Amino acid sequence: MEWIIYNGDTQMIQVDEMFSTPIFHFRASNHEEIKTYIKKDIYPEFEKIGYNSKHCNVFSDYFPGAPKLDQTKLSNLYQEDMFQLLEFVGFDRNKKWDIYPAFWYNITGKGGWQEQHDHISGPLPSQFSGIHYVQFDENEHQAAEFESPVCSLMRSMMPCENKDNAPDFFRHLSAVPKTIKEGDIIVFPSYLKHAVNIQESEKERISIAFNMGIWSHEFININ
Numbered sequence: 002m003e004w005i006i007y008n009g010d011t012q013m014i015q016v017d018e019m020f021s022t023p024i025f026h027f028r029a030s031n032h033e034e035i036k037t038y039i040k041k042d043i044y045p046e047f048e049k050i051g052y053n054s055k056h057c058n059v060f061s062d063y064f065p066g067a068p069k070l071d072q073t074k075l076s077n078l079y080q081e082d083m084f085q086l087l088e089f090v091g092f093d094r095n096k097k098w099d100i101y102p103a104f105w106y107n108i109t110g111k112g113g114w115q116e117q118h119d120h121i122s123g124p125l126p127s128q129f130s131g132i133h134y135v136q137f138d139e140n141e142h143q144a145a146e147f148e149s150p151v152c153s154l155m156r157s158m159m160p161c162e163n164k165d166n167a168p169d170f171f172r173h174l175s176a177v178p179k180t181i182k183e184g185d186i187i188v189f190p191s192y193l194k195h196a197v198n199i200q201e202s203e204k205e206r207i208s209i210a211f212n213m214g215i216w217s218h219e220f221i222n223i224n
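Our numbering puts the first residue of the sequence shown at 2, with every later residue one more than the last.
Hints listed in this document are in silico derivations from the structure and should not be mistaken for laboratory results.
Please note that a few of the clues may not be correct.
Using C-beta positions, here's what the derived DEER-type ranges look like [claimed, not checked]:
id: 1; residue 1: E203; residue 2: R94; range: 27 to 35 angstroms
id: 2; residue 1: T37; residue 2: S149; range: 33 to 41 angstroms
id: 3; residue 1: K49; residue 2: C152; range: 27 to 35 angstroms
id: 4; residue 1: K69; residue 2: K96; range: 29 to 37 angstroms
id: 5; residue 1: I50; residue 2: P160; range: 29 to 37 angstroms
id: 6; residue 1: E203; residue 2: I50; range: 15 to 23 angstroms
id: 7; residue 1: C161; residue 2: K96; range: 35 to 43 angstroms
Once the Cα atoms are required to be at most 25 angstroms apart in a straight line, the calculated DSS-like pairs of lysine-lysine come out as [what the hints assert, rightly or not]:
id: 8; residue 1: K97; residue 2: K49
id: 9; residue 1: K36; residue 2: K164
id: 10; residue 1: K55; residue 2: K40
id: 11; residue 1: K164; residue 2: K55
id: 12; residue 1: K74; residue 2: K36
id: 13; residue 1: K55; residue 2: K74
id: 14; residue 1: K111; residue 2: K40
id: 15; residue 1: K74; residue 2: K182
id: 16; residue 1: K179; residue 2: K55
id: 17; residue 1: K194; residue 2: K179
id: 18; residue 1: K49; residue 2: K36
id: 19; residue 1: K179; residue 2: K111
id: 20; residue 1: K111; residue 2: K194
id: 21; residue 1: K111; residue 2: K182
id: 22; residue 1: K49; residue 2: K204
id: 23; residue 1: K204; residue 2: K164
id: 24; residue 1: K97; residue 2: K55
id: 25; residue 1: K49; residue 2: K74
id: 26; residue 1: K69; residue 2: K204
id: 27; residue 1: K97; residue 2: K111
id: 28; residue 1: K111; residue 2: K41
id: 29; residue 1: K204; residue 2: K36
id: 30; residue 1: K97; residue 2: K69
id: 31; residue 1: K74; residue 2: K97
id: 32; residue 1: K164; residue 2: K182
id: 33; residue 1: K182; residue 2: K194
id: 34; residue 1: K41; residue 2: K194
Quick caveat: nothing in here was measured; it's all calculated off a predicted structure.
All C-beta atoms, glycine included, are put in the ideal place defined by N, C-alpha and C.
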């Protein structure tokens, strides 16, 4: 809640942020172990094969030809972080919640990028998605850029042809987290669109992306 003085002190305008989209930001509990695993088991294959994306300088098990992550190993290494997040969000630990995580990595070089996308998928929905910045130089690399979930609506309401002439209220359509450091994780609702802008740095940037599908079977009765 913020108070804004308008027209001297004769009027007060109260701003209530009612439907903001949360992005959760915290340190990976097992960052060093995860980084060591990537450097030992994945990076040597990257040095042999090179970038395997058809479009840009990205090496990822999302594309054919790259070694796959050990999903069980990663599930165990991120388990504490996931449980803490769910507890923070308000999931009742006394109820049975099945968690379906899926992980993939991206090694990005100069000129690498990723188109805007979201992580809505099936057959079971993913409620949360995340990015762990495994190798990240805050002075040279940029975190993912997120688009406002109401971007299309705000664009349709633009009061002028040139959006640069519009008030900030209409122009705050995307943002990049500014305080990301190596070892940080950001988690966000899977519907939130995001992209990776073209990398200018020669230093490789390494990240692990993941989805978290969460489901309770307490209301399902299958005979």
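Now the hints, each set against the structure:
1. E203 - R94: 27 to 35 angstroms: violated, 46 angstroms
2. T37 - S149: 33 to 41 angstroms: holds, 37 angstroms
3. K49 - C152: 27 to 35 angstroms: Roughly 41 angstroms apart at Cβ, these two residues miss the hinted range, so it is violated.
4. K69 - K96: 29 to 37 angstroms: holds, 32 angstroms
5. I50 - P160: 29 to 37 angstroms: violated, 51 angstroms
6. E203 - I50: 15 to 23 angstroms: Since the Cβ atoms of E203 and I50 sit about 19 angstroms apart, the hinted range of 15 to 23 angstroms holds.
7. C161 - K96: 35 to 43 angstroms: violated, 50 angstroms
8. K97 - K49: Distance of about 44 angstroms is beyond 25 angstroms: violated.
9. K36 - K164: violated, 42 angstroms
10. K55 - K40: holds, 23 angstroms
11. K164 - K55: Answer violated: K164 to K55 is near 34 angstroms, above 25 angstroms.
12. K74 - K36: holds, 13 angstroms
13. K55 - K74: It is violated: about 29 angstroms lies between the C-alpha atoms, which goes past 25 angstroms.
14. K111 - K40: holds, 19 angstroms
15. K74 - K182: holds, 24 angstroms
16. K179 - K55: Violated. K179 to K55 sits at ~30 angstroms, over the 25 angstroms cutoff.
17. K194 - K179: It holds: about 18 angstroms lies between the C-alpha atoms, which stays within 25 angstroms.
18. K49 - K36: holds, 19 angstroms
19. K179 - K111: holds, 20 angstroms
20. K111 - K194: holds, 23 angstroms
21. K111 - K182: Given pair K111, K182 holds - Cα atoms ~19 angstroms apart, limit 25 angstroms.
22. K49 - K204: Holds, at about 18 angstroms.
23. K204 - K164: At roughly 35 angstroms apart (the allowed maximum being 25 angstroms), K164 and K204 break the hint.
24. K97 - K55: violated, 42 angstroms
25. K49 - K74: holds, 24 angstroms
26. K69 - K204: Satisfied, since the Cα-Cα distance of roughly 23 angstroms is no more than 25 angstroms.
27. K97 - K111: With a Cα-Cα distance of about 44 angstroms, the restraint between K97 and K111 is violated, given a limit of 25 angstroms.
28. K111 - K41: holds, 22 angstroms
29. K204 - K36: Cα-Cα ~16 angstroms, so holds.
30. K97 - K69: violated, 29 angstroms
31. K74 - K97: Roughly 22 angstroms between the alpha carbons, so the hint for K74 and K97 holds.
32. K164 - K182: Since the Cα atoms of K164 and K182 sit roughly 32 angstroms apart, the hinted pair is violated (cutoff 25 angstroms).
33. K182 - K194: The hint holds at about 21 angstroms.
34. K41 - K194: violated, 32 angstroms
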